[in-house]
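Q: This is what each chain is made of:
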Amino acid sequence: MLEKALDGGRGYWAWVCTLLALIGLGFVAYLHQFNNGLTVTGLSRDVPWGFYIAQFTFLVGVAASAVVLVLPYYLHDFKAFGKLVVLGEFLAISAVIMCMLFIFVDMGQPMRVVNVILFPTPHSLMFWDMTVLCGYLVLNVLISRVTFRAEIQELPPRPWIRPIIILSVPWAVSIHTVTAFLYSGLAARPFWESAVLAPRFLASAFSAGPAILIMLALLLARITAFDVGDKALHRLSTIMLYAMLANLFFVAMEFFTVFYSSIPEHTHHFRYLFSGLEGAHRLVPWMWFSLILGTGCAIGLLVPRLRHQRSSLAFLSAGIVLAIWIDKGLGMVVGGFVPSPLGAVTEYWPTLPEVGISTGIYAIGALILTGLYKIALSERAVI
Amino acid sequence: MNKSRRDFLKKAGMTLLGASGARFVILGIADAEHLPDSGGSGVRRRWAIAIDTEKCASQGDCTACIDACNAEHNIPRIDNPEEEIKWIWKERAKAVFPHQLGNDSPRTLRDREIPVLCNHCENPPCVRVCPTQATWKRDDGIVMMDQHRCIGCRYCIVGCPYGARSFNFRDPRRAIDKLRSDYPTRTRGVVEKCTLCAERLAIGAQPACVEACEATCGAMVFGDLANPDSAIGRLVRTTLTMRRKPELGTEPKVHYKL
Ligand code: SF4
Ligand code: SF4
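Sequence lines, in order, name chains S and W. Here the first sequence stands for residues 13 to 395, where the numbers follow the numbering used here. Here the second sequence stands for residues 2 to 259, where the numbers follow the numbering used here.
Derived by calculation from the structure, the hints in this document are not laboratory data. Please read these numbers as outputs of a predicted model, since none were measured by experiment. Glycine residues also receive a C-beta, built at the ideal position from the N, C-alpha and C atoms. Careful: at least some of the hints might be erroneous.
To be verified - For each label pair, taking beta carbons as the anchor points, the in silico distance ranges come out as:
#, chain 1, residue 1, chain 2, residue 2, range
1, S, Ala207, W, Glu83, 31 to 39 angstroms
2, W, Arg45, S, Phe267, 44 to 52 angstroms
3, W, Arg235, S, Ala207, 40 to 48 angstroms
4, W, Arg111, S, Arg294, 23 to 31 angstroms
5, S, Ser274, W, Ala232, 54 to 62 angstroms
6, S, Ala33, W, Arg111, 54 to 62 angstroms
7, S, Val367, W, Arg181, 46 to 54 angstroms
8, S, Phe268, W, Leu241, 47 to 55 angstroms
9, W, Asp112, S, Trp298, 33 to 41 angstroms
10, W, Glu83, S, Phe261, 51 to 59 angstroms
11, W, Gln60, S, Leu43, 46 to 54 angstroms
12, W, Glu55, S, Phe268, 39 to 47 angstroms
13, W, Glu55, S, Glu266, 38 to 46 angstroms
14, S, Phe301, W, Arg235, 56 to 64 angstroms
Stated by the list, open to error - Quick partial rundown of chain W residues pointing at chain S, CB under 10 angstroms, derived from the structure:
#, residue
15, Ala96
16, Pro99
17, Ile158
18, Gly190
Taking the hints into account, I'd like the entire structure generated from these sequences.
A: Structure representation (structure tokens):
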């Protein structure tokens, strides 16, 4: 089956080579970081987590979002997702691997990362996050393998896989919930100390995830003979829309609670993000852009015609992904650190090595996804 | 944190000091049972520090405690404030006690520069979040670090509500003014913070900052809070002292008299 990933046309190889080049660049950037320490990043005493952890958080959401296909297909027998489910699981596999890589490159002592396993510490949420992520990877590899094999052999999947598939549903929810708990359980950082953080993470994930899947499906329909069909696209776009509305609703809840109660520790972080604090306002344009873009795309998606037409759907999906990526991949993590516990305002911006390493990791994810999709489509004989 | 490892570290520390830290032994206080203000048998010790900020401020820009700590622990001098390593340093009182000091509080009080350090919280969030137990709380309440186990994830920095922890963004060994061979240096990529001079306590000495302060104005009192008859026990029980962000439930053990 795997050999199918190695047999492709010119365009395919050009794409693979581009990814390999980016991975190579990322690797060189990582060597630079490995040899010099995290001083090559934009991180500081006051902002100890930045771009890497933010990408990790965003990607956990992407990984979890496979559930929006698995749940309707397996539990509600929504047949139109039949061809898509395995693509969602492949996306989850590639996203989880990227998550692990982002955690790895964030470590100050990467060679000691096994200490997390050697000294398991149940009172640390990081231990649980690692556990649920590894479990989720195993689940998705197993499920996609077994169900895809069965599909190719035109046999019904083995019955024992069904309970495992059902288990993967709450498991997907758990990975993003535990990731939210990494943040929301900290008395030190009032910005994240909100019970709505986990629901908000899930809502934004269930919007960005389907948006990415829609874009992938539309792309595949253009460059291959594989078409998921309008029915599946319509359902996905509806899920994306309502999840985005829920996300925006949660954001509004945060705004109300924070600004009406007016507790300075809480308002400071929001003010930093949306209007600037003590002359520091690097993220302000980004946050407004994200909020306006996200709201605009949600409104656009409410219009049935725009939602159903493939060109406008592609456009709106891209907008949703970008809006959520800025919110989670830039604002959410950094906003929690400004101001610091001692009231200092230290801004953060990723450096070139950080961006290079992150691009490399995204390229690894894209390569894994390309290979897996290639196998899936070749086996189904649509390319 | 299991006992045997703690014991091992203690012994390792003792051996280290036994070999090269002879100056304390000469003072004749090497017996760990005769620690200052020890709480007597059966009572769990709670080492704590009280700082009289008015006395401290009377010394102007005095940095005796900071210098002593830096020299004692091979703290690198890194001029970039974004990457500096500090175990004890001074902050404006208004930033340390943002809730207690308002804009109308006496200016001398608000702008007073006061020493801050790890509070050795009774209920330390840094210990709760650490995924490897590289930071843990000892029976005597000291929150310790094992830099050989730390993976540099910095979750403890994120979890500490007091900004008490520093991360080695670069190799610290190149930035040490005067290397002391009887105290370990750290490596790049790990977190560090005040240890309340556990290695000195083990041989019956006071923390370096307290000792240095005693030689100037004596604004710092160190001892066992669990012992009501200790100097610090009496002080905290008879005077109004404040702790940083007590509302978070971390139960800091550094007390301030403003
Ligand atoms: S002050 Fe910070 S580093 Fe020290 S024990 Fe408390 S939480 Fe941990
Ligand atoms: S940086 Fe080190 S001490 Fe801090 S939480 Fe991570 S492993 Fe623990």
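Q: Now, for every hint given, state plainly whether the structure supports it.
A: Going through the hints against the structure:
no.	hint	verdict
1	S:Ala207 with W:Glu83: 31 to 39 angstroms	33 angstroms, holds
2	W:Arg45 with S:Phe267: 44 to 52 angstroms	46 angstroms, holds
3	W:Arg235 with S:Ala207: 40 to 48 angstroms	43 angstroms, holds
4	W:Arg111 with S:Arg294: 23 to 31 angstroms	29 angstroms, holds
5	S:Ser274 with W:Ala232: 54 to 62 angstroms	42 angstroms, violated
6	S:Ala33 with W:Arg111: 54 to 62 angstroms	57 angstroms, holds
7	S:Val367 with W:Arg181: 46 to 54 angstroms	40 angstroms, violated
8	S:Phe268 with W:Leu241: 47 to 55 angstroms	38 angstroms, violated
9	W:Asp112 with S:Trp298: 33 to 41 angstroms	35 angstroms, holds
10	W:Glu83 with S:Phe261: 51 to 59 angstroms	37 angstroms, violated
11	W:Gln60 with S:Leu43: 46 to 54 angstroms	49 angstroms, holds
12	W:Glu55 with S:Phe268: 39 to 47 angstroms	43 angstroms, holds
13	W:Glu55 with S:Glu266: 38 to 46 angstroms	42 angstroms, holds
14	S:Phe301 with W:Arg235: 56 to 64 angstroms	59 angstroms, holds
15	Ala96	5 angstroms, holds
16	Pro99	6 angstroms, holds
17	Ile158	4 angstroms, holds
18	Gly190	3 angstroms, holds
The structure fails hints 5, 7, 8 and 10 (numbered hints given earlier, in ascending order).
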